[in-house]
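J.: Protein chains in written order, with my numbering: chain A, 1 to 111; chain B, 1 to 404.
Hints were generated in silico from the structure; no laboratory data involved.
Among these hints, one or two may not hold up.
[What the hints assert, rightly or not] Derived lysine-lysine pairs resembling DSS-like cross-links, with alpha carbons at most 25 angstroms apart:
| hint | chain 1 | residue 1 | chain 2 | residue 2 |
| --- | --- | --- | --- | --- |
| 1 | B | Lys-301 | B | Lys-320 |
| 2 | B | Lys-220 | A | Lys-80 |
| 3 | A | Lys-80 | B | Lys-206 |
| 4 | A | Lys-93 | B | Lys-206 |
| 5 | B | Lys-348 | B | Lys-326 |
| 6 | A | Lys-62 | A | Lys-93 |
| 7 | B | Lys-360 | B | Lys-320 |
| 8 | B | Lys-378 | B | Lys-391 |
| 9 | A | Lys-56 | A | Lys-110 |
| 10 | A | Lys-93 | B | Lys-220 |
| 11 | B | Lys-386 | B | Lys-348 |
| 12 | B | Lys-206 | B | Lys-195 |
| 13 | B | Lys-390 | B | Lys-403 |
| 14 | B | Lys-216 | A | Lys-93 |
| 15 | A | Lys-61 | A | Lys-110 |
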Amino acid sequence: MTDTVREIFAANSSPLNRKYQSPLPREIFAASSPSIGEAGLTSDWRSETPEIIPDKCIAFKKNKLICQLCWGYCPEGVIKKGTPPVIDFDYCKGCGICAEECPNNAIVMKK
Amino acid sequence: MKMNSELLLTGNYAAAHAVKSCGVQVVSAYPITPQSPVVETLSEMIYKGELKSEFVPVESEHSAITVCISASAAGARVFTATSANGLMLMHEQLHWAAGSRLPIVMCCVNRGVSAPWTILNDQQDSISQRDTGWIQLYAEDNQEIFDTLIQAYKIAEQVYIPVMVCYDGFILSHSCMPVNIELPENFSSFLPSYKPIINLDSKSPKNVNPVVLADKRLDKNNVLRNGYMEFRNHLANDLIDSLKIIEKTNSEFNGIFGRTYNNGLFKTYRAEDAEHFIVTLGSLGSECKESVNLLREKSIKAGLINIKSYRPFPAEQLVKALQKAKTATVFEKDISYGFDGAVAGDLKAAFFSHSDDLNKPLIQSVICGLGGRNVSYKETAETVEKVIEKKINPKRPYWLNCKI
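The following block holds chain A by itself, in its conformation from the complex (with noise of 0.2 angstroms):
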């Protein structure tokens, strides 16, 4: 930030002259504050369900917090690292990217 935009930061936060403008009655432009769910459940988007087959998968074969790619691939942030991995199928889209991206094919995507 530049000193002039410190200092319109520190203007506007002092609470002076602020008579003439009425406090808002209604909302009047879109907002939001991020988290889960403030988007609607968008697991009804989903036509195809990955399924992880744990004989298949490296973090729960060596019992270790290792590999994790499909939580790290996740668009949707919707996996939770684990042994194995934990998919939250309110959101889930289906988009299977965690299938494309297991090195172990340990992710198949179901009808």
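Since chain A is already given, all that's left is putting chain B on it; use the hints.
T.: Chain B alone, transformed into the frame defined by chain A:
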């Protein structure tokens, strides 16, 4: 208290001085004729330290308005200016600005839109952005540019709708007139510092303008949040309701600075007993005062209405002002292709929703001054006479001084 100073300024310089007086904190713009001197002057003021503001140079108008949207959402009072094709490039972001309810103020220095290329004046650019949800105010002379810009910030920050201040390229932007410059310390009571409603703050992160769905839905705190249509409805209604705020701001301005623009929505000239009206926008209003005088000399009861607030459209007030009119000839430097001039079309519509009188005035659309074509007061007066004598086909817009 220091005295106000009267300076000889072009419209563009008057605009820059107004922006400086308003203590704008972020300026972002891309050069385009005839707007360039506005932001050139502002960048000079910022460089010299006369205006404590951040100047963000960008690579296009689309980015210029985007910087303004972001800075406004972050809590700054912002300004940008553009013309013609630059405004066209901003089109998408104009909707974003209005939909986000950010009190951005922009100057549109009116210039004809290509193709073919023209750099000269008409009002097709701003009129083409009519339906973006912005307030549009038109100025008639350089003093009005200065005053309207100051009022624009106050209006925008009360109704949370962006304001476009439009004035004619070259005719005003590059012509010198005496302008009374109010010193910033003299109007801090009129325009207090801006406090935003959207507060982008890294300590409590927020999505502004997330995807909303067709219907209302519950958020994570179980609060029912608006769907798309509710947001649009609020904007549309608030835009109509801002007519009152524009009127109030005009009278408050008059109280402090002693200058008024009739009701703040449109200006009138010799309109009290008039039967044959000229209706127009912007600098053409000055020219048309002479036409009214000329017609009055010929014992034609002429009057003038110069619309200042085109959006929101003061339908009720205009219909009331025109209730004794027999004809209303609308001179405008724009056209809604496939129909009349935009203002004429709106005025006709206003009579059907706001007047029970069966004897509605004849409203004639006249297209004039496109691409810098000169419009003289004699020609406008002659056109009004032709309308009165029913020598013009009212089913089509009349093209004044178009040599075909």
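J.: With reference to the structure, classify each hint as holding or not holding.
T.: We went through each hint and held it up to the structure:
A threshold of 25 angstroms between alpha carbons decides the hint, and for Lys-301(B) with Lys-320(B) the separation of about 17 angstroms falls inside it, so the pair holds. Our distance criterion of 25 angstroms between C-alpha atoms is met by Lys-220(B) and Lys-80(A), whose separation comes to about 21 angstroms. Straight-line distance between C-alpha atoms of Lys-80(A) and Lys-206(B) comes to about 24 angstroms, which keeps the hinted pair within the 25 angstroms bound. At roughly 24 angstroms between alpha-carbon atoms, Lys-93(A) and Lys-206(B) fall within 25 angstroms of each other, so this suggested pair holds.
With a C-alpha separation of about 13 angstroms, the suggested pair Lys-348(B) and Lys-326(B) falls inside the 25 angstroms cut-off, and the hint holds. With a C-alpha separation of about 29 angstroms, the suggested pair Lys-62(A) and Lys-93(A) falls outside the 25 angstroms cut-off, and the hint is violated. A threshold of 25 angstroms between alpha carbons decides the hint, and for Lys-360(B) with Lys-320(B) the separation of about 12 angstroms falls inside it, so the pair holds. With a CA separation close to 17 angstroms, the supplied pair Lys-378(B) and Lys-391(B) stays within the 25 angstroms bound.
Restraint check: the Cα-Cα separation between Lys-56(A) and Lys-110(A) comes to about 16 angstroms, which is no more than 25 angstroms; the hinted pair holds. Between the alpha carbons of Lys-93(A) and Lys-220(B) the distance comes to roughly 20 angstroms, so the proposed pair stays at or under 25 angstroms and holds. For the suggested pair Lys-386(B) and Lys-348(B), the alpha carbons sit about 19 angstroms apart, so the restraint of at most 25 angstroms is met. Proximity of Lys-206(B) to Lys-195(B) is assessed by CA-CA distance (about 18 angstroms); at most 25 angstroms being required, the pair is judged to hold.
Between Lys-390(B) and Lys-403(B) the CA atoms are separated by roughly 21 angstroms; this keeps the pair inside 25 angstroms, and the hint holds. At most 25 angstroms may separate the alpha-carbon atoms for a hinted pair to count; Lys-216(B) and Lys-93(A) meet this at roughly 22 angstroms. With a CA separation close to 22 angstroms, the supplied pair Lys-61(A) and Lys-110(A) stays within the 25 angstroms bound.
Of the hints listed earlier, the one the structure fails to meet is number 6.
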